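A.B. asks: Given the structure of chain A, go ahead and fit chain B onto it with the hints provided.
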Amino acid sequence: VQEEPVLSVQNKQAQHFDWALNKLDSSVRRTGRITRTLLLRIFHDMCRTGKSALLLLRSCGSLLPEVPLCERTELAHMIWGKLQDLGAVYDASHYNALLKVYLQNEHKFSPTEFLSKMEEANVQPNRVTYQRLIAAYCNEGDIEGASKILGFMKMKELPITEAVFSSLVTGHARTGDMENAENIFSVMRDAGIEPGPDTYLALLNAYAEKGDINSVKQILEKIEKMEGYLMDRDLLQVIYSLAKAGYPQYVPDILSQMRYERGYIPDAMNLSLNLITQGLEDTAFQVFKSFPTLPSENHSETSMDYGNFFLQHCVHMDKPLSKLKQFCDELKEANMHSSPLQFTLYCALESKKAALAINLMKTMKEEGLPLRPHYSWPLLVGYQKEKNVQGTIGVLKAMHELGVEPDVETYTNYVLTNFDDIQTFRALLQENGCPFETEGLSVAALRHEAIYGTLENITELLYKDGRYCQTPPGPAEAVGYFLYNLIDSMSDSEVQAKEEHLRQYFHQLKKMNVVIPTNIYRGIRNLLAAYHVPELIKVCGYINTEVSALEEELEKLKAEKQPIGNVLKQLIVALCAEENMQKALEVKAKYEPDMVVGGYAALINLCCRHDNVEDAMNLKEEVFRKDSSVALDTNKYLALVKVLGKHGRLEDAINILKEIKEKDIPIKDTTVTSFFHILNAAAMRGEVETVNRLHESILTLGLAKPSTNLCTPLITVHLEKDDVPSALEATIDCYKKYGKMPRLHDILCRLIEQGNTELLQKAMDFVSQERGEMMMLYDIFFAFLNTGKYKEAKKIIETPGLRARPGSLQWFAEKCIATNQMETLENMVEMTQKLFECDRDEMYYYLLKLCKISNDWRKAEATWTKMQEENVIPRARTLRLLADTLKNNGQEVPFDVPEIWYEDHVESASVLENNPEKKVLMLCKKGSVQAVSRSIFCSNIFNIRTVVFIISPWCSTIYYRIRSIAETHIKGFTLNDAASSLLIITQVRRDYLKDAISTLKKVLESDMVPMSLAVIRLIQALAMKGDLESICTVEKMVENLATSIGLSRMLFVNNTVLAHIKKPATDLFLQYVDAGRVDDARFLLQVIIYQERNSSGQKIKTLLDLVPDFPDMKIVYSYLLKSLDNDVVSAKTLFEKMKSENIHTDEIFLKRLAVLLKNAGEPVPFTEPPESFHFYVNKLTQERQEISSHAE
Amino acid sequence: MAATRGSSRRVFELFVSQIHWTLATKELRDYFAQFGTVRKCTLPFDKETGFHKGFCWIGFSSEEGLRNALQKESHILDGIKLQVQQQKRRSFRSQYTNEGETDMS
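Residue numbers (full-length UniProt numbering), protein chains in the order written: chain A, 1 to 1192; chain B, 1 to 105.
Next comes chain A alone, as it looks inside the complex (with noise of 0.2 Å):
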């Protein structure tokens, strides 16, 4: 069987599509437009010439090695079917594909009802469809209907071709007669053509079918001798034949005469996936493993992996366990893949066999190999979508008697979703012989109810799961935040509603000994009290962890003899919360035994905050003995650092940092923070050896990168005790070890107040040698204003030559604003005022932010007329600013207020965006409970991993779901302007573009202002999509916002032609042209040009022929060289052409062209214009401005 090449498809697509743009080329030349009308038709001409479908029958048989045989012929016959219904006019053409496809699939059928089809179909058959039926007949072993076939062909004069003979070969064959298959050849030779490769592959094949390996071999050496030759394709073609006919055994024989030429390895696969196809993948293997294997550069490191296609064809044909098993060791034994049984797992997976991939698990298990719980993923969300309830148990069940407990994201992403409430569910599972009481499932159960749940349900559930009690504090606290959350969104007349429902429920806690952490019983307190039940304020203080509740308690487990770690330690973080010291120690001298970690930890830390530095080390060491590994978190390792730094035990401190270090303790900002507090509190206690030991030792331990910050201790130590020299010396230490000068500016304002010149001149000698002049005469600058020697100062800034340094005189003004320095900073604004290149408006924004500050608004309005003296341009923040301290104080503002929207909004934005808690933040703030919520979100006490843990399924769908939530519970509830915009930009992105439209519509409707980025993103997505319509919908609901919220017109423009572009945007192009607008027109080809760019330029020349009368050429050629990037052959060709059409060739053209061959090492043919360039670039913009105000 002869394969059709892939290659001559190909060639048969382009000169279709070549076909097709003639025509349409044509067509624009004769008429000079085309339309959408006539673009239709040609496209319904190509389906009915049907050479489409040609290439769509070609493509039935032997491309489909993946395809079992029937299935291929199907297909075909489906798409002769439908092809033929849309109106397809078949010709000899199709109907000779149709027989090629039946050959190739081994497909049955009557050559002689074939030919009576044609005849019906008035199709004259030709020498090929002859041929093909020969074929036919001679697979069937038909000598008697092949000969009718050649008789058909004698008497058209038909010639009989080498196929015929082939044909015959297999035909004696078949029928078992060798010796005429033999004959054939004597016969061809007789009829003058010499046999080819064709003929003896038929004879092999024939032998092959046999199992005659002997002849086989026979024929091959006869084949070199004659020095003739088969192609590798033959001989895989041979081994097919072996293996159909049952004799694998000899493949290997074929095997070894492979030469393996180039495409050995495609149609080597090919053969392998038929034969797995066709069930003989025993074979298929075999051929698989006789591919060269290509030589693996780092062996060591990158595993390759071979056979996935062969592993993932026998998933999809549904091999058995066992033989894919056995591939799999094999596989895995010849070294040739790394990971055989996990990629058919994937396999099995992807094509959800479900049964196949819980089987695989098995082995893999059984084979040591870690299963886990996303495994089961693929499965799981295949019977998501189908809602199928008994699949996913089903899975659920395998997974766990493989021993993998689902987590808590297989719940809540592919479980919890199909069950509407979880009783039914755990009922399931509990019918099913799953656990039901699992970790992962009650913590995905809570999460499901955070987002979908209501009252009675989690009620239900917190009840009935006894769990989360047990073991504090995390879910402790997870349900005390619970209850906050869930009582904070609920609206007022829904808690006095549910008083009766919350009453039961926080009893019902109470009687599961469920306690909450103070901090957020006090925020459940503080809301209930908003909400006006007292009542119930009662109650939930049961569930409070009081200290003699604790107290009772413990005596009561003690009495009880039942394990009192937990009330113990709760009993210590409270009276740790009370900052009882005394009590809590004689606590936990009494019950010493039960003490557990956390306990310690909190006491540990409130003897810090008592300043015992002797019993917070005590207890430190008792921990450490009762377990060495125990490590402290950050804080309360620094509360030790700093109790025993204050109390001179600095061994002891510096050993604590290394513990900090060991035990690998997180070093956060806030630590760093920290460290510069102790330092810097024992630089003003004078301590030098203290800070100098410390700061040495964070730094050499790496727990601290050197920062200016943390190197301010190091000086301020002696200037804390007026040792001005020492802190010099200091500093200029500090640069040399860490480049770093703290606090230089207070120790020249020092030196000038001590009029100490000597060491002022050491000090600025250094500062100017290691930072250059211009710094020192900065830093003598702001020391000389800041003592209040505005003389010198002035002398200073008048430094000829001196510029403004933008990042120094900000960081003057801020400190001057920081420390209410008003005299100080107009000195330095009105000092400034000659400096080369400082920002006038930059100045007088900074003098007008200390008169905000400071409310004196008389200042600020000298400061507006100071402002005009100097005619200075205010930016819009600038007299934002002054307004809004006029304002504060009852006065008139004389001028217009810029509207206030951009900046502000993008920038909480780009917060929200990095800050998914400050998301939810945000949005309960529009909330009633705001201050409470705010509180519990940011104070410390409160464990902040679970809130982001509670709220996490929130996150990514966090607009709707909040939104639903807070619009039922919160009255009047609505996202704000940039929430809004932000919902509109998620919208987008998950395609709801009509969603975001009327999201848009809201806004607006409610007069609130969108971010233009949303309306930018809403904008291009609808271009992507070439909705036209939609986009004139949205430009005229923004018409009045445009210009006020920066939106370009051009950004309709632009992405109009972009949509219009996604049509076909001929259309548009000559409707411009003929409307006369040339400016859009050149614009549209931009644009296009602009698409295309980085498609070689091809499609623009093509353009070109499309449009040869374009008004003005010269732009559209700039276009096209600016396009060719550094295609130097295409460019001199344009400008050959150029040439020969007259066109003017323009400086920029000609810069463009010079630059480009000069970059490529060509000569320039003609005078290079000698200026940059930009400078032609300007030149011509500024020429076109000078027409453009001509014409007016």
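Because the hints were derived from the structure by calculation, they are not lab data. Only true hints are included.
Only pairs whose alpha carbons sit at most 25 Å apart, straight line, appear in this in silico DMTMM-like list of lysine to aspartate or glutamate:
| # | chain 1 | residue 1 | chain 2 | residue 2 |
| --- | --- | --- | --- | --- |
| 1 | A | Lys663 | B | Asp30 |
| 2 | A | Lys387 | B | Glu48 |
| 3 | B | Lys47 | A | Glu405 |
| 4 | B | Lys47 | A | Glu386 |
| 5 | B | Lys26 | A | Glu350 |
| 6 | A | Lys663 | B | Glu63 |
| 7 | B | Lys81 | A | Glu333 |
| 8 | A | Lys736 | B | Glu64 |
| 9 | A | Lys387 | B | Asp46 |
| 10 | A | Lys994 | B | Asp46 |
| 11 | B | Lys72 | A | Asp664 |
| 12 | A | Lys332 | B | Glu27 |
| 13 | B | Lys47 | A | Asp407 |
| 14 | B | Lys81 | A | Glu367 |
| 15 | A | Lys866 | A | Glu842 |
| 16 | A | Lys365 | B | Asp78 |
| 17 | B | Lys81 | A | Asp329 |
| 18 | B | Lys53 | A | Asp991 |
| 19 | A | Lys397 | B | Glu27 |
Computed from a predicted model, the values in this text were never measured in an experiment.
C.D. replies: Positioned in the frame of chain A, the structure of chain B alone reads:
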């Protein structure tokens, strides 16, 4: 005026790609924990297929963790090499500016 994130929010991020499908968040977290405290591990899963998308972000709580991870020449997990690179800072504003350019307004 680009949004300045509070320094305490800074996360030192790695972008990890070519992650084998058999690995999930837990495995990645455990692996990268050897270089420093992993503050976050974001491995997006495709809710349509149930497979992850082959890449993730690992956020260390300190720069040191990040540096340690980057210093290691190759990262091999379950015998398969991971592609590890530093996450370039994603600035909202710059993203926005780029988009402004493409619509050529």
